[in-house]
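Residue numbers (numbering that gives the first Met the number 0), protein chains in the order written: chain A, 0 to 531; chain B, 0 to 266.
Simulated from the structure, these hints should not be mistaken for lab results. Glycine included, every Cβ here is placed at the ideal spot set by N, Cα and C. One should not assume that every hint holds.
[Said to hold, decoys possible] Quick look at which bits of chain A chain B covers, simulated, 3 or more residues with Cβ under 8 Å: (1) 417 to 423; (2) 427 to 435; (3) 478 to 492.
[Said to hold, decoys possible] Straight line, CA to CA, 30 Å or less: simulated BS3-like cross-link-like pairs of lysine-lysine: (4) K350(A) x K226(B); (5) K221(A) x K250(A); (6) K195(B) x K236(B); (7) K287(A) x K233(A); (8) K195(B) x K63(A); (9) K66(A) x K238(B); (10) K221(A) x K153(A); (11) K236(B) x K350(A); (12) K355(A) x K225(A); (13) K195(B) x K531(A); (14) K204(A) x K287(A); (15) K63(A) x K360(A); (16) K287(A) x K360(A); (17) K236(B) x K374(A); (18) K360(A) x K250(A); (19) K225(A) x K153(A); (20) K63(A) x K236(B); (21) K287(A) x K221(A); (22) K238(B) x K350(A); (23) K226(B) x K66(A); (24) K153(A) x K531(A); (25) K350(A) x K360(A).
[To be verified] Under 8 Å between C-beta atoms, here's a sample of chain A residues computed to sit facing chain B: (26) F26; (27) L30; (28) E191; (29) H495.
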Amino acid sequence: MNRWIHKFAGACTLCVIGAGVQADVSFERILQADQQPQNWMTYSRDYAGQRFSPLSELNASNVKDLKVQWAYQMPDSTNETSPLVVDGIMYLTGPNSATALDARTGRPLWTWNRPMPADFHLLQFAGANRGAAVLGDTLFVTTLDCYLVALDIKSGSERWATKVIDYSLGYGMTGAPLAIDGKIIAGVAGGEAGIRGFLDAYDAKNGQRLWRFWTIPGPEDKAAFKTWGGDSAKSGGGPTWVTGAYDPALKLIYWGVGNPSPDWNGDARPGDNLYTDSFIALDSDSGKLRWYFQFTPHDTHDWDAGHVPVLVDAEVNGRTRHLIVNANRNGFYYVLDRVTGEFLKGQPYAKQTWAKGLDAKGRPIVLPNTEPSDKGTFLWPNANGATIWFSPSYDSTRRWIYVPVRNRAATYFKRSMEYRPGRYFPGGGENETPEADASGEVRAMDALTGDLRWSFPLLSPASSGVLSTSGGLVFTGTREGEFIALDATSGRSLWHMQTGSAISANPISYGIDGRQYVAICADRVLYVFGLK
Amino acid sequence: MLMFSRASACGIAVSLLLASGLAQGACDALKPYAGGAAAASREQQIDQGRQAFESNCAVCHGMDASGGRGPNLRRAHIARAPNDAALCELIENGIPPEMPAGAFLTDVEVRALVAFVSSLGQSAAAAISGDPVRGARVFANSGCSSCHILAGQGNALGPELTDLGDRRSAGYVREVLLDPASRLPAEFLMVRVTTKAGEITEGVRINEDNYSVQLRDVAGNIRSFEKTELQSQEQLKGKTPMPSFKQLPSADIQDLIAYLLAPRATP
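Okay, chain B solo, but in the shape it has when bound (with noise of 0.2 Å):
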């Protein structure tokens, strides 16, 4: 019944908050991750997981768990839970007030989550078998910084690199780099915009609403145009200002993957 767009969810009492992280128990092997001393193998333990995900998450994050009215949560490394431990308790207090404390769930339930979510981010992944040195000299040479920032350096046009291992697997990097159409993120749009005076100008949307667009042009400038301003406005699906990598040999796309996953503090 009260399902809506992502938008829509709604506040609660914090009381209620309070009162969700009581139960604890599931959470207490998990500091490190033990996993279930006479429980199911871990292959077992992720499939157990993957039910209770159907049965009690998938109706915010998708059946997939590539989001819904919840975020998506196949990426390799979830910022709010760095680890199954934090996983864990995350998923026993919820994220007030949107997600629900899963009080109602069993401790074998949350451990089979736990081991499920983990398992997302590294369905994709191939073994970093790079050497991140080497990677830093290819992602200088490659020009990669002058679109993107990584660790304070570099410049804006595409995402910041600093925190990529958080975010992306090998395998997801290592098509990017050789075919960056083939892997654009859901909310990555390129428009060409042309105002009434016959002004054209290309970049990616950084926001839009029903009366207005913001962009950032081909040379990294913010551009914000009102849409009464303009006399058309293309989404140009599918393209993307990054050239393909393909053209490097494969041992240095994979140091460069190695460089770009390393994990560093952010500045």
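Okay, chain A solo, but in the shape it has when bound (with noise of 0.2 Å):
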């Protein structure tokens, strides 16, 4: 029996090793994610976003000897998934389905599929479904058609399924919900269809919406709306397709908010268009906002905040701060306060060539001539960013954050558009540089400075998160195909396994009869590895 096991089961007793009894996943049960490490509860495993696994069977000694245990052929092709793992059952989700597979075999238990609208037409560039919320007993998925369900964790029978919003306007559903005290929280994406992205949530037992913020403002949030020249905020954008994270004792969702449409043509929205590009802090029984701090005001370069935040809670100058940090598509690395939104520091993490850096409020220096242009503006990062939505990881105990990051430069192009609801608004496009010229890395930097700790590159620029272990291990998937273990110490690659197919989603680790597992998606197949 391994040593997580004894140290944690006198404390847990809701908590089944194995996959013979299931209990309801309370929130309490999520709250104390860190006393089941076996289970992985919700999207980043924690409420904080770290993306962390407390399970230490594998260690930079062992992890030589790591297996494929299982793997689950899955009917879409390039999931992006980030399975959840509760007493031994896993959950999967892809565009408009969900399955549930023993955890210790694969094998399926139950699927649930809801067909597509005939006249339904993807205009996300991912058809895809990024994982699931568990609260209770019941599985909360979004669909690409715009509707939150709530399936029977032990059946995959639906409970509700609540319509969000209209999809023939260009939105779409692809990110995990958050389930958190009764209520789940639920974005869209849509940011290149001139969309009005919003946050909501839903009362986990019967469907019924609680509360929307709007991340495009009405004329009601005079302040932000002035933001935005004309009627420009109409079709403003701000999606909020990537998962956030919750601190429970502030009552504070904290969620990134996407690009201002259109994309790359700022003309017709002066203004620095809020709340785009920014994280934002909601209180969770209201949905009013707290504080906002955007990354990069009035952006031109579709680089949107749809991160996870991680939350960091640290000393610093001698007193406990609450912070929420974040690598930014934009190049920067920034530490705030979570209380207040409050910027402490930033520094750039990857190649930028756009900002002289950031003012004493956080606030880029743009330098000039950065804007698409009619012949072509060449800066890095490309529209991708120098990273994107894939999850970074956070080792509270080293206070590092590991960050895949990509390093590509692009020419960007502007172009006039004309808004019609259901339809692109990019307003321009990028060229990017070959393929030859870009490239990849993980980053382990302290996560209170952002300062450089190791980096191991990367053949391409990264495709897929991270995860950190208390075993001391970082795992991530390449471009190429590799997934990968690195020594979380010093950088260096101790296992590697081809898996035939580039790998673009986030890993996870769980635990069943005192064995360590990591799971990863490659494609169309979820790869589950152990010591055996």
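Mind assembling these two chains? They're in different frames, but the hints should get you there.
So this is what it looks like as structure tokens:
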């Protein structure tokens, strides 16, 4: 029996090791995720967005013996899902589908599908689904045709399905919802279609909407509304497509807001375009805005803030600070106070040529001639950014954050465009530099400063999220299809396996019967690794 | 918002695909391509197509259509869409699961896109005025088959040339023949590896990941190296084993191009 089982067996009355019995997933269980390290009960494992596993059976000494334990072939290609694991059962999602698997053997237990409407056409870049949420005896999934669906966790039967918004306007739903105390928080995609973005909360019991926060303000939000020239806010974008974080003590939900629309032509939307490219902090009961921090005011490069916010508690200058940190798509790393949104520190973590730096309030000092233009403007990073939706990982024992990094430039173009509902509304585009001139890294950084601790070079820009573990390992996938384990201290490569397809997903780790497993989706196949 | 690497496209339910091809109309007049009767000139249509492309397609294919998350469309022939009618249907139906169906495009836009995309591969084209029969002799006498397979004959050090006419324009082929290093494809790379035992191998990179590299060496052999076995790996950017053929008479070059681009069935 493994050490963590001994350590936690006493404290954990609900956890059942093995696939035999399942208990409801209460809010309290997710709050105390560290007491059930064998489970992965919410998108990032914990509400702090840390994607860190306290499991330690796998370590730098034995990871060389890691082997595939089982694999599961999914019906759709290029899956981006981050599985959940509760009491020996794994829950996977695809576009408009969900599946429960025996996490020990990979054998399917139930599947659920929602047919696509006949008139649906995909305007999202990804027909993906990135994961589910669980609360009580219910699994919550979002669909491309913009429903939030509640499934009985033991059978996959639908309990309720709530229409979130009309997909024909260009909205989609691809992200994992976030389940908190009786509420399901869910966001939308559609930043290339000129949507008006929002973040919603629903009653977990019946699917009734409790509140909606518009990320593109209406006239009632005077100050923010003024940051949109003319009537540009009507098609202002601001999607909320990547799962956020939650601080139960502050009762604040933290969520990233995507790009303004049209992406590459800012002429029609003069102003800072709030709350695009921002982190927002919302009161979980009312949905009211507590604070926001905008990383890229008046963005014209599609550097949206669709990132998992990472919550960090640390001593700063002798005082405990509640922080929120982010390696942003625009190439800068940020440290903010998560109570107030105050900017504390920031610096570039990847090559960028658009800003001289950040001012005292964290606003970028933008260099001249960096806007997209008719003939093209070359700069770093490209529209995919220095990192993108896939998750970083934070190890609180080291206070290091591990970030998958993309190094690639682009020439940006601006074009005139008229908004038409339900159609692409990019207002320009980019030509990426050749692949031969692009590269990637996994960077380990001091989470409080962004200072580099080590860098593991990748042949191509990062395509996958990162998982760090208590065993001192960092897992990630690559564009070339390798799933790899690095030494968390040195960044040295310890193990790798070629999965056969590019990896564009987030890894997780879970345990059954005292054995630690690591799971990752590679295209159509979910691989589960362990020692045996 | 949802942009990511080319590798990260995503799946979508089959029912979605079935839904996408229902609206027909734009392609009917393109069997064969008839143009717009009362419509703009071909040039105007191509220009409209360029605008529609930049608004709807460039997000994946790049503003200049040279590729991004989606493939490069600046080629003489697109295998999936060998003619305008097929290209039109491809635009309307998409390529599941990655390429969305163009259900939101008007018929006029679809036709303009067809005109624009089909014009791309011809933009650098030069007239093919040579004699392919003479060109076959130039090909044989110049030793091309020592490095290239064409119609099943030759060696595989360089790329296969059987379907070159589907991939490259005459102008492109001419530039490569005269100055091979000037037009190396983005994915082409010569590398030199040195093993820890001191063995040096140069070759064309076939594939590479973070832990291994596969080459075709100058003798045409496939070699695979674990990077832990290597003391160094150099990228020989701009280098190619192909010699220039600029010493050939221009008539021979012209005939050779005509031979290389001649349509032929693959063996």
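Hint check:
1. Counting residues of the stretch 417 to 423 of chain A whose beta carbon lies closer than 8 Å to any beta carbon of chain B gives 3, which meets the minimum of three for the stated coverage.
2. A stretch counts as covered by a chain when three or more of its residues have a beta carbon under 8 Å from one of that chain; for the stretch 427 to 435 of chain A and chain B the count is 8, and the coverage holds.
3. Counting residues of the stretch 478 to 492 of chain A whose CB falls under 8 Å from any CB of chain B gives 6; the rule of at least 3 is met.
4. Using a Cα cut-off of 30 Å, the hinted pair K350(A) and K226(B) holds, with the two alpha carbons roughly 26 Å apart.
5. For the suggested pair K221(A) and K250(A), the alpha carbons sit about 25 Å apart, so the restraint of at most 30 Å is met.
6. Of the pairs offered as hints, the one joining K195(B) and K236(B) holds, with about 23 Å between alpha carbons and a cut-off of 30 Å not exceeded.
7. Between K287(A) and K233(A) the CA atoms are separated by roughly 21 Å; this keeps the pair inside 30 Å, and the hint holds.
8. About 23 Å separates the Cα atoms of K195(B) and K63(A), which keeps this hinted pair within 30 Å; it holds.
9. A distance of roughly 40 Å separates the Cα atoms of K66(A) and K238(B); the hinted pair therefore is violated under the 30 Å criterion.
10. Restraint check for K221(A) and K153(A): the C-alpha separation of about 47 Å exceeds 30 Å, so the hint is violated.
11. For the proposed pair K236(B) and K350(A), the alpha carbon gap of about 22 Å is at most 30 Å, so the pair holds.
12. Distance hint between K355(A) and K225(A) is fulfilled; the C-alpha atoms sit about 27 Å from each other, no more than 30 Å.
13. Between K195(B) and K531(A) the alpha-carbon distance is near 33 Å, which puts this suggested pair outside the 30 Å criterion.
14. This hinted pair checks out: K204(A) and K287(A) have alpha carbons roughly 22 Å apart, not beyond 30 Å.
15. Our distance criterion of 30 Å between C-alpha atoms is broken by K63(A) and K360(A), whose separation comes to about 46 Å.
16. With a CA separation close to 23 Å, the supplied pair K287(A) and K360(A) stays within the 30 Å bound.
17. A C-alpha spacing of about 28 Å is found between K236(B) and K374(A), which places the hinted pair at or below 30 Å, so the restraint holds.
18. With a C-alpha separation of about 25 Å, the suggested pairing of K360(A) with K250(A) holds against the 30 Å cut-off.
19. Between the alpha carbons of K225(A) and K153(A) the distance comes to roughly 49 Å, so the proposed pair goes past 30 Å and is violated.
20. This hinted pair does not check out: K63(A) and K236(B) have alpha carbons roughly 35 Å apart, beyond 30 Å.
21. Simply put, K287(A) and K221(A) have alpha-carbon atoms about 15 Å apart, close enough for the 30 Å limit, and the pair holds.
22. Between K238(B) and K350(A) the alpha-carbon distance is near 28 Å, which keeps this suggested pair within the 30 Å criterion.
23. For the proposed pair K226(B) and K66(A), the alpha carbon gap of about 21 Å is at most 30 Å, so the pair holds.
24. Restraint check for K153(A) and K531(A): satisfied, since their Cα atoms lie roughly 29 Å apart, inside the 30 Å limit.
25. Taken as a hint, the K350(A) and K360(A) pair is honoured in the structure, with Cα atoms around 22 Å apart against an allowance of 30 Å.
26. A cut of 8 Å between beta carbons decides the hint on F26(A): the least distance to chain B is about 30 Å, and the hint is violated.
27. Checking L30(A) against chain B by beta carbon gives a least distance of about 30 Å; that is not within 8 Å, so the hint is violated.
28. The beta carbon of E191(A) is positioned within 8 Å of a beta carbon in chain B (closest approach about 6 Å), and the interface hint is therefore held.
29. Here the hint on H495(A) is kept, as its CB sits about 6 Å from the closest CB of chain B, short of 8 Å.
Checked against the numbered hints listed earlier, the structure breaks hints 9, 10, 13, 15, 19, 20, 26 and 27; every other hint is satisfied.
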